[in-house]
Amino acid sequence: MSDLRALYQEIILEHNKNPRNFKKMPEATRMLEGYNPLCGDHYTLYLKIVNDTIVDISFEGSGCAISKASASVMTTLLKGKTKAEAEKMFETFRLLVTGELKDMSFETLGKLGAFAGVSEFPARVKCASLAWHTMHNAIDAKTDVVSTE
Amino acid sequence: MMTSGTTLLQNDDALQAWTMKLREQFPILNEHVHSKRLVYLDNAATTQKPESVLSAMEGYYRHLNSNIHRGVHFLSEQATEAYEGVREKLRSYINAAATGEIVFVRGTTEAINLVADSFGRAFVKAGDEVLISGMEHHSNIVPWQLLCERTGASLKVAPIDDRGEIIVEEFERLLNKRTRIVGLAHVSNALGTVNPVKHLIDLAHRHDIPVLVDGAQAGPHLRIDVRDLDCDFYALSAHKMYGPTGIGVLYGKQRLLESMPPYQGGGDMIRSVTFEKTVFNDLPYKFEAGTPSIAEGIGFGAALDFLTSLDWRAVSVHEHSLLEKASDALCNIPGVRIIGTAREKAGVVSFVLNDVHPHDIGTILDQEGIAVRTGHHCAQPVMLRYGIPATVRASFAVYNTKEEIEALIRGIYRVKEVFH
Ligand SMILES: Cc1ncc(COP(=O)(O)O)c(C=O)c1O
Chain A
1 MSDLRALYQE
11 IILEHNKNPR
21 NFKKMPEATR
31 MLEGYNPLCG
41 DHYTLYLKIV
51 NDTIVDISFE
61 GSGCAISKAS
71 ASVMTTLLKG
81 KTKAEAEKMF
91 ETFRLLVTGE
101 LKDMSFETLG
111 KLGAFAGVSE
121 FPARVKCASL
131 AWHTMHNAID
141 AKTDVVSTE
Chain B
1 MMTSGTTLLQ
11 NDDALQAWTM
21 KLREQFPILN
31 EHVHSKRLVY
41 LDNAATTQKP
51 ESVLSAMEGY
61 YRHLNSNIHR
71 GVHFLSEQAT
81 EAYEGVREKL
91 RSYINAAATG
101 EIVFVRGTTE
111 AINLVADSFG
121 RAFVKAGDEV
131 LISGMEHHSN
141 IVPWQLLCER
151 TGASLKVAPI
161 DDRGEIIVEE
171 FERLLNKRTR
181 IVGLAHVSNA
191 LGTVNPVKHL
201 IDLAHRHDIP
211 VLVDGAQAGP
221 HLRIDVRDLD
231 CDFYALSAHK
241 MYGPTGIGVL
251 YGKQRLLESM
261 PPYQGGGDMI
271 RSVTFEKTVF
281 NDLPYKFEAG
291 TPSIAEGIGF
301 GAALDFLTSL
311 DWRAVSVHEH
321 SLLEKASDAL
331 CNIPGVRIIG
341 TAREKAGVVS
351 FVLNDVHPHD
361 IGTILDQEGI
371 AVRTGHHCAQ
381 PVMLRYGIPA
391 TVRASFAVYN
401 TKEEIEALIR
411 GIYRVKEVFH
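So the protein lines, in turn, are chains A and B. Position 76, counted from 1, in the first sequence is what the working numbering calls 76; the numbers after and before it change by one each time, with no gaps. Position 284, counted from 1, in the second sequence is what the working numbering calls 284; the numbers after and before it change by one each time, with no gaps.
Hints in this document: simulated from the structure, not taken from any laboratory. Ideal Cβ placement from N, Cα and C applies to all residues, glycine included. Take the hints with a grain of salt, since some may be wrong.
Quick list of in silico lysine-lysine cross-link-like pairs, DSS-like style, CA-CA up to 30 Å [said to hold, decoys possible]:
hint	chain 1	residue 1	chain 2	residue 2
1	A	K88	A	K102
2	A	K24	A	K102
3	B	K198	A	K126
4	A	K126	A	K79
5	A	K23	A	K81
6	A	K83	A	K23
7	B	K156	B	K198
8	B	K36	B	K277
9	B	K156	A	K23
10	B	K253	A	K111
11	A	K48	A	K24
12	A	K88	A	K126
13	A	K23	A	K102
14	B	K416	A	K17
15	A	K126	B	K416
Residues from chain A that keep clear of chain B, each with C-beta distances beyond 12 Å, as calculated [said to hold, decoys possible]:
hint	residue
16	D3
17	R5
18	N36
19	P37
20	D41
21	T53
22	E60
23	G61
24	S67
25	T92
26	G113
27	F121
28	N137
29	D140
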């Protein structure tokens with residue numbers, strides 16, 4: 001059970017139940033779908049980017065608790081960030097969930113820290129990363145559906 | 001194993017003893033996962049293998065390894081005899097008329113692709129139709145789509161009802177003079193439905209339309225008699241029948257197989273080759289190009305021996321009692337909805353739990369050592385039909401026990417605890 005609690009942290013369960021910024025955004029400047037064919041996680045991410053800054057971000061769609069909470073937390077973290085800051089956070093997140101993040105204390109990770117347990121569940125890394133990959137591709141201005149496969 | 005099904009029907013203890021005896025033949029069932037005893041409920045994906053299958057395959061590599069159909073030397077003769085012996089075993093097991101009707105393939109997927117390609121080239125042209133059902137596995141959809149794309153034929157789909165049964169009247173209505181072939185699952189991997197294939201085949205035959213039956217999920221649960229069904233093609237995968245991966249069979253009626261061109265070209269499938277002209281080999285070798293999976297074929301033979309040794313009345317009683325126990329217990333958990341409630345089912349129970357995603361359920365069950373499948377089960381149209389992205393699927397084999405069903409149910413309560 002302890003391993004499970006490490007994966008399903010309260011923050012994750014709470015964001016899954018009440019996802020933040022969970023809506024369409026008609027005025028979005030970028031819109032991209034993220035799809036994980038293995039488990040059917042499927043989201044649309046909306047970004048409003050002005051002068052390299054993410055002034056607004058939202059998402060909608062459906063999927064497992066890990067993917068949904070990850071998308072929700074991501075939207076709360078990225079609002080107001082520049083594209084470069086967002087990319088940097090994506091890199092931190094990627095290292096965190098793959099267990100490669102060595103020298104960073106959990107305090108500095110903030111809400112991202114809730115996803116540390118994912119690294120013990122290799123099958124779930126793709127779920128946790130889906131929204132982040134989608135964001136990464138969206139600010140790269142690719143317009144296709146993003147797949148983590 | 002000598003206990004008759006009738007006795008087992010009346011006696012829970014006898015059934016229990018019968019199962020425990022069977023379990024001893026499957027070494028993997030003693031494994032531990034996350035420090036819990038493995039509870040393997042993913043048998044529709046692939047079944048575990050008995051000791052006899054493992055040792056037959058190892059025995060081949062240790063004592064007989066050589067290529068077949070081509071050597072005059074002792075080992076090659078012995079290996080050929082062993083491999084061809086399996087073909088005869090299969091013929092007898094599914095009651096085909098001749099070994100020429102038993103084509104070795106990699107599995108169900110390759111069997112269907114073979115028919116879609118070869119039958120398609122011979123008989124399907126623009127404007128024709130291919131008919132399948134709404135509950136097919138992707139491997140009984142995509143090969144036909146590719147065929148239709150290639151030829152300009154169109155794919156028709158007989159719908160299923162809310163229980164997960166093919167609507168027979170709709171199926172019948174879709175049969176017409178443009179229909180060239182019908183493809184149907186014997187048992188649905190996503191819903192567990194046992195289709196009335198014998199009746200559906202009869203309906204198709206009234207229009208002279210041949211029928212391919214995808215038997216991937218029927219193999220482990222039903223005794224198959226291709227002549228009783230009167231199917232034109234029947235596809236099986238050994239790995240779902242307690243045998244190894246990489247081998248399966250396509251049964252085809254001789255008359256049809258003879259009228260079809262080869263699938264792949266290469267060694268073994270020819271009688272003579274010159275640069276001007278190649279004469280193809282007789283059935284079934286015409287469809288078997290190249291060195292086959294010999295060890296796997298021999299393992300398949302051992303799996304057939306295992307299946308033949310089973311008391312099939314007992315198998316049916318046992319598997320139905322597992323299915324019933326699981327379905328009843330799941331129904332009693334608030335928030336659980338079973339997907340697929342056909343009147344006739346075999347070995348599979350698919351379900352969803354409130355808005356908890358199946359993938360999360362799968363992870364939590366895995367922590368309890370319980371292996372289930374979560375996802376769309378290679379049947380996305382079925383998920384679409386029920387308006388869900390995925391299900392949790394528990395699927396049973398002869399060696400599963402009531403205790404394992406109880407573990408599954410406890411696991412679901414654990415899920416509810418986490419997602420209070
Ligand atoms: C109904 C059905 N058809 C076809 C297949 C494909 O079998 P294989 O992957 O062994 O070729 C499966 C396997 O999951 C199945 O369940």
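Now for the hints, and whether the structure bears them out:
With a C-alpha separation of about 16 Å, the suggested pair K88(A) and K102(A) falls inside the 30 Å cut-off, and the hint holds. The suggested pairing of K24(A) with K102(A) is violated, with an alpha-carbon distance near 37 Å, which exceeds 30 Å. Restraint check for K198(B) and K126(A): not satisfied, since their Cα atoms lie roughly 43 Å apart, outside the 30 Å limit. Simply put, K126(A) and K79(A) have alpha-carbon atoms about 23 Å apart, close enough for the 30 Å limit, and the pair holds.
At most 30 Å may separate the alpha-carbon atoms for a hinted pair to count; K23(A) and K81(A) meet this at roughly 20 Å. Distance hint between K83(A) and K23(A) is fulfilled; the C-alpha atoms sit about 21 Å from each other, no more than 30 Å. About 20 Å separates the Cα atoms of K156(B) and K198(B), which keeps this hinted pair within 30 Å; it holds. For a cut-off of 30 Å, the pair hint linking K36(B) to K277(B) is broken: about 62 Å separates their Cα positions.
A threshold of 30 Å between alpha carbons decides the hint, and for K156(B) with K23(A) the separation of about 37 Å lies outside it, so the pair is violated. At most 30 Å may separate the alpha-carbon atoms for a hinted pair to count; K253(B) and K111(A) exceed this at roughly 63 Å. Restraint check for K48(A) and K24(A): the C-alpha separation of about 12 Å stays at or below 30 Å, so the hint holds. Taking the CA atoms of K88(A) and K126(A), the gap is near 19 Å; set against the 30 Å cutoff, the hint holds.
Restraint check for K23(A) and K102(A): the C-alpha separation of about 35 Å exceeds 30 Å, so the hint is violated. The hinted pair formed by K416(B) and K17(A) meets the criterion: a straight-line CA distance of about 14 Å does not exceed 30 Å. For the suggested pair K126(A) and K416(B), the alpha carbons sit about 24 Å apart, so the restraint of at most 30 Å is met. Chain B draws D3(A) into its interface by the beta-carbon criterion, the shortest separation being 6 Å against a cut-off of 12 Å.
Some Cβ of chain B comes within 12 Å of the Cβ of R5(A); the nearest lies about 8 Å off, and the non-interface call is violated. Listed as a non-interface residue, N36(A) fails to keep its Cβ farther than 12 Å from every Cβ of chain B; the least gap is roughly 9 Å. A cut-off of 12 Å between C-beta atoms contradicts the statement that P37(A) is not in contact with chain B; the least separation is 9 Å. The Cβ of D41(A) sits about 8 Å from the closest Cβ of chain B, inside the 12 Å cut-off, so the non-interface label is violated.
No beta-carbon of chain B comes within 12 Å of the beta-carbon of T53(A); the shortest separation is about 33 Å. E60(A), annotated as away from the interface, keeps every beta carbon of chain B farther than 12 Å; the closest lies near 14 Å. Not every Cβ of chain B is farther than 12 Å from the Cβ of G61(A); the closest lies at roughly 10 Å, contradicting the non-interface assignment. A beta-carbon of chain B comes within 12 Å of the beta-carbon of S67(A); the shortest separation is about 8 Å.
Every C-beta of chain B lies more than 12 Å from that of T92(A), the closest at about 24 Å, which supports listing it as non-interface. Non-interface call for G113(A) relative to chain B: holds, since the shortest CB-CB distance, roughly 19 Å, exceeds 12 Å. Not every C-beta of chain B lies more than 12 Å from that of F121(A), the closest at about 6 Å, which undercuts listing it as non-interface. With a least CB separation of 22 Å from chain B, N137(A) remains clear of the 12 Å interface cut-off, as annotated.
Taking the minimum C-beta to C-beta distance to chain B, about 27 Å, the non-interface status of D140(A) holds against the 12 Å cut.
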